[in-house]
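Chemist: Sequence:
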Amino acid sequence: MDINLIKELANVLNDKALNELDYSIDNCRIVLKKNNNVNSNIILAQNADTEVSITPSNTPSTQNADNSKNANAEDNIDDEKITASIIGTFYDKPAPDEESFVTIGTKVKKGDVLCIIESMKLMNEIKAPFDCVITSIYVDNEEVVEFGQELFGVKVM
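Under our numbering, read the sequence shown as residues 4 to 160, first letter to last.
Simulated from the structure, these hints should not be mistaken for laboratory data.
Warning: the hint list may mix true and false statements.
[Stated by the list, open to error] Pairs of lysine-lysine, DSS-like flavour, derived with a Cα cap of 25 Å:
1. K96 - K10
2. K112 - K130
3. K124 - K10
4. K96 - K110
5. K124 - K110
6. K96 - K19
7. K96 - K113
8. K113 - K130
9. K130 - K158
10. K36 - K19
11. K130 - K96
12. K124 - K158
13. K112 - K158
14. K110 - K158
15. K130 - K10
16. K36 - K130
17. K130 - K110
18. K113 - K36
19. K36 - K96
20. K112 - K10
21. K36 - K158
22. K124 - K96
These figures come from a predicted structure and were not determined experimentally.
My request is simple: use the sequences and hints to build the entire structure.
Modeler: This is the structure we're talking about:
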């Protein structure tokens, strides 16, 4: 995916005073949404079935800090947030008797599976959009998540 294309689409979003821009080519989809109160969300999709949303770290969180499995009591300002791209049930492991995909401190490569969100009996793998280290996990296993809900805090490598 070309970063210049994303920048160009962001400029179109701002220049035309749009609130949302949805662009698809081949098996790639880019959705840009603007919230006038905070920075825009960027949603990157690897294919038609899986989306990963990246929310800038200075966006106010709707999550309760006590709900976080964060190792520290306060979030790192430099962290990026990976959010849910669909509504469904969050699973942190491939099967109940297996290890979690990631834990705090796990280094992941672009494309590694971070979790599964079950929606309408379909298991959707949520993959890392870039190389990163997991710094926070904001949801518990088998918790129902909403579109845009923060799942992970990550430090980009």
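Chemist: Checking against the hints above, which ones are violated?
Modeler: 1, 3, 5, 6, 12, 19
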